[in-house]
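Those protein sequence lines, which keep their order, are chains A and G. Residues 1 to 361, numbered by the working numbering, are exactly what the first sequence covers, in order. Residues 1 to 361, numbered by the working numbering, are exactly what the second sequence covers, in order.
Derived by calculation from the structure, the hints in this document are not laboratory data. For clarity, every value in this text was computed on a predicted model and none was experimentally measured. Where hints are given, some of them may not hold.
Restraint-style ranges between C-beta atoms, simulated for each label pair [stated by the list, open to error]: (1) G:Glu293 / A:Ala113: 47 to 57 Å; (2) A:Thr339 / G:Gly208: 39 to 49 Å; (3) A:Pro224 / G:Ser306: 51 to 61 Å; (4) G:Arg285 / A:Ala6: 19 to 29 Å; (5) A:Gly83 / G:Ser340: 33 to 43 Å; (6) A:Gly83 / G:Gly326: 51 to 61 Å; (7) A:Ala113 / G:Gln273: 23 to 33 Å; (8) G:Ser274 / A:Asp239: 34 to 44 Å; (9) A:Pro224 / G:Glu146: 23 to 33 Å; (10) G:Lys328 / A:Lys328: 52 to 62 Å; (11) G:Ala6 / A:Asp186: 53 to 63 Å; (12) A:Arg8 / G:Glu293: 24 to 34 Å; (13) A:Gly171 / G:Lys24: 32 to 42 Å.
Even for Gly, the Cβ is constructed at its ideal location relative to N, Cα and C.
Read off the chains here:
2 protein chains.
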Amino acid sequence: MRIGIAKRSLAEAAGMLERIAPAKASQPVLGQLLVEAREKTLRLRASSGELDLELRPAAEVEGEGAVLVPAVLFSQLVRALPGEYAELRTVPEGLELEGGSFRTRLAVADAEAFPAFPEPGGTPVKLPGEVLARAIGRVRYAAAHEEYRAIFRGIQLELRSDRLRAVATDGFRLAVFDAPGVSGPDLKPVIPARAADELVRVLKEADGEVALYPDASRVVAVGPRFRMALSLMEGSFPDYERVIPAQFALEATVDAEALRQAIERVRVVADRQSQRVDLAFGEGRVELAAEGEYGSGREELPLELSGETPMVVAYNAQYLIDALKGLKGAAHLRLSGPTSPSLLTGEEEPGYLAVVVPLRV
Amino acid sequence: MRIGIAKRSLAEAAGMLERIAPAKASQPVLGQLLVEAREKTLRLRASSGELDLELRPAAEVEGEGAVLVPAVLFSQLVRALPGEYAELRTVPEGLELEGGSFRTRLAVADAEAFPAFPEPGGTPVKLPGEVLARAIGRVRYAAAHEEYRAIFRGIQLELRSDRLRAVATDGFRLAVFDAPGVSGPDLKPVIPARAADELVRVLKEADGEVALYPDASRVVAVGPRFRMALSLMEGSFPDYERVIPAQFALEATVDAEALRQAIERVRVVADRQSQRVDLAFGEGRVELAAEGEYGSGREELPLELSGETPMVVAYNAQYLIDALKGLKGAAHLRLSGPTSPSLLTGEEEPGYLAVVVPLRV
Chain A
1 MRIGIAKRSL AEAAGMLERI APAKASQPVL GQLLVEAREK TLRLRASSGE LDLELRPAAE
61 VEGEGAVLVP AVLFSQLVRA LPGEYAELRT VPEGLELEGG SFRTRLAVAD AEAFPAFPEP
121 GGTPVKLPGE VLARAIGRVR YAAAHEEYRA IFRGIQLELR SDRLRAVATD GFRLAVFDAP
181 GVSGPDLKPV IPARAADELV RVLKEADGEV ALYPDASRVV AVGPRFRMAL SLMEGSFPDY
241 ERVIPAQFAL EATVDAEALR QAIERVRVVA DRQSQRVDLA FGEGRVELAA EGEYGSGREE
301 LPLELSGETP MVVAYNAQYL IDALKGLKGA AHLRLSGPTS PSLLTGEEEP GYLAVVVPLR
361 V
Chain G
1 MRIGIAKRSL AEAAGMLERI APAKASQPVL GQLLVEAREK TLRLRASSGE LDLELRPAAE
61 VEGEGAVLVP AVLFSQLVRA LPGEYAELRT VPEGLELEGG SFRTRLAVAD AEAFPAFPEP
121 GGTPVKLPGE VLARAIGRVR YAAAHEEYRA IFRGIQLELR SDRLRAVATD GFRLAVFDAP
181 GVSGPDLKPV IPARAADELV RVLKEADGEV ALYPDASRVV AVGPRFRMAL SLMEGSFPDY
241 ERVIPAQFAL EATVDAEALR QAIERVRVVA DRQSQRVDLA FGEGRVELAA EGEYGSGREE
301 LPLELSGETP MVVAYNAQYL IDALKGLKGA AHLRLSGPTS PSLLTGEEEP GYLAVVVPLR
361 V
């Protein structure tokens with residue numbers, strides 16, 4: 001095979017795939033990149049075992065063939081290429097990569113050893129790629145880190161008859177994003193948040209529609225120039241709807257960015273462990289206060305209030321900051337009380353809601 | 001005391017000082033920042049024990065006083081301040097910091113505990129700060145990392161009657177930069193490269209002349225709004241002049257950036273341990289070649305040659321890249337043979353020379 005391709009396209013694809021191929025793979029074949037020419041199309045593929053990604057960047061392709069090359073090294077080489085244009089050629093000794101006056105020859109491994117791409121089946125749900133990327137991106141922060149129960153490290157995609165919903169929660173906070181106008185078969189696959197990050201990365205590069213094929217063990221996403229198979233997480237996702245509060249004692253409207261920045265400041269002196277920041281609501285203002293080992297800090301913000309005042313609620317500062325991040329304009333903070341969950345929504349972002357559980361005082 | 005200051009100036013100063021104050025100090029007082037108002041001047045000071053820095057940012061100062069605050073926390077708080085203007089005040093409970101609607105109060109420690117700034121003595125050498133920064137910055141790369149003999153981790157500043165010279169070497173390569181027009185007392189203090197980095201940082205923010213006061217145990221640098229005391233390294237600096245080659249078998253003239261970029265590419269496939277890249281000089285060109293576990297790479301560059309060809313010399317790619325970095329236009333590479341040191345100079349950078357010892361073939 002012989003492939004001519006814009007260096008930038010090849011570098012972008014190799015960079016994306018390099019992220020999937022595990023640096024220290026349990027099976028050496030997973031550290032490899034599959035370079036395949038078939039049906040006049042270049043296919044580049046990597047697999048982490050849990051996550052498979054195939055990219056088909058625009059290229060001129062002659063002949064057919066498939067080889068494995070080390071993913072990280074290949075990506076480094078492509079990035080370093082001079083000029084605008086790259087050529088790939090299989091030769092008896094391996095794979096040749098050429099750009100400008102630079103030429104390299106890589107030892108290759110047998111492509112047969114590479115895991116097959118999981119074939120999608122059933123009826124797909126189709127939606128604009130940017131809607132899917134936005135839904136995942138909007139709730140991602142609320143998924144848990146390593147130390148929590150596995151299912152909390154997932155993002156639930158709810159495919160319903162009237163919408164797509166993305167949900168993430170770590171048990172202390174919850175984020176939900178609804179994208180209307182999408183119709184699905186009433187399934188709720190839970191995908192690992194880290195795999196979802198890679199899907200978002202791919203979607204941001206790809207224009208157009210994406211088709212999701214969910215089945216019992218995975219979701220396959222198929223776009224114009226890529227396909228990605230994400231293994232589902234096992235276990236049942238928490239019954240989150242019951243923690244979304246419906247009755248409120250106090251409702252505040254405040255500029256989202258101003259509130260976030262004020263919390264960022266006050267939390268610098270907060271207790272390092274708890275990250276506790278107190279919000280004292282009263283008479284057209286909220287006073288933020290924190291106190292830690294080295295001192296104390298406070299700041300006042302004007303806001304619109306209706307309901308029971310005064311009320312003091314303590315939050316983990318990071319949770320509020322995460323929930324507010326990306327919101328512009330007016331945010332509505334609805335409190336059900338100092339110890340029960342608070343609801344946060346943004347006026348300019350319909351579809352998004354966040355729940356933050358206050359700290360026990 | 002009561003201090004009014006532009007937030008940006010305070011944040012810059014605190015950021016610089018935070019770098020000096022060790023995060024995990026052997027003596028807790030070294031993690032502190034001294035905030036002092038004296039003679040209508042704000043003085044901010046940090047010490048690592050080996051390196052003392054005092055900054056005097058422009059400020060409005062009322063009263064006198066001195067307190068210690070945690071350096072990292074103070075810097076974080078200042079960075080987070082809203083608005084353009086900050087106010088510092090001592091109050092009975094500590095130090096108050098205010099900006100916009102944000103106010104914080106920090107617990108303070110007794111300023112008496114802070115080490116005194118080493119007083120400079122003797123006759124100083126005066127030179128433009130940018131010349132000193134440039135001299136150090138130009139040779140810094142050749143100083144050794146942790147694993148080498150201590151003295152190789154230093155930069156020698158040679159103060160002579162007709163010039164300042166900065167020198168660094170790790171035993172495998174050498175960098176020298178001469179700044180003419182500076183006259184000194186014929187001293188050769190060796191300062192730790194890491195301390196020198198901090199001096200360069202400070203000099204880049206400070207305009208104007210800097211006075212160096214070298215003595216037996218330290219160099220004190222005094223600028224318009226700062227002073228810094230750097231402890232000298234012990235031991236004798238290598239007799240580097242004898243490794244600078246004076247006779248050459250081959251002389252090549254090549255575009256510095258083109259050569260560096262070509263080496264960067266070829267080295268991607270080089271042996272990871274040795275980083276070996278072969279340069280084969282012949283007939284108006286050099287061919288760069290490397291070979292490693294995963295494959296091989298080569299690239300050809302045109303150049304002007306005079307002397308014995310063909311000649312093949314093997315280098316550690318990183319050493320050549322470092323030596324070439326920052327050079328623009330034509331570079332002269334003078335070879336004394338395949339196993340003896342090579343000399344590199346840049347046409348547009350008089351004063352700079354680098355020596356790289358080839359790898360044993």
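Cβ separation of Lys328 (chain G) and Lys328 (chain A), checked against the hinted range 52 to 62 Å: violated (44 Å)
Gly171 (chain A) paired with Lys24 (chain G), Cβ distance criterion 32 to 42 Å: holds (33 Å)
Please test the hint of 53 to 63 Å on the beta carbon pair from Ala6 (chain G) and Asp186 (chain A). holds (60 Å)
Given a hint of 39 to 49 Å, does the C-beta separation of Thr339 (chain A) and Gly208 (chain G) actually sit inside it? violated (60 Å)
Quick check on a hinted range of 47 to 57 Å for Glu293 (chain G) and Ala113 (chain A), using CB atoms only. violated (18 Å)
Ser340 (chain G) and Gly83 (chain A) - C-beta distance against the hinted 33 to 43 Å: holds (36 Å)
Pro224 (chain A) paired with Glu146 (chain G), Cβ distance criterion 23 to 33 Å: Since Pro224 (chain A) and Glu146 (chain G) have Cβ atoms about 50 Å apart, the given range 23 to 33 Å is violated.
Okay, Arg285 (chain G) versus Ala6 (chain A) on CB: inside 19 to 29 Å? holds (28 Å)
Does the Cβ-Cβ separation between Pro224 (chain A) and Ser306 (chain G) fall within 51 to 61 Å? holds (56 Å)
Quick one: are Arg8 (chain A) and Glu293 (chain G) within 24 to 34 Å, going by C-beta? Since the Cβ atoms of Arg8 (chain A) and Glu293 (chain G) sit about 28 Å apart, the hinted range of 24 to 34 Å holds.
For the hint 34 to 44 Å, verify it against the beta carbon of Ser274 (chain G) and that of Asp239 (chain A). Violated - the Cβ-Cβ distance for Ser274 (chain G) and Asp239 (chain A), about 59 Å, lies outside 34 to 44 Å.
Between the beta carbons of Gly83 (chain A) and Gly326 (chain G), is the distance compatible with 51 to 61 Å? violated (24 Å)
Checked against the numbered hints above, the structure violates hints 1, 2, 6, 8, 9, 10; every other hint is satisfied.
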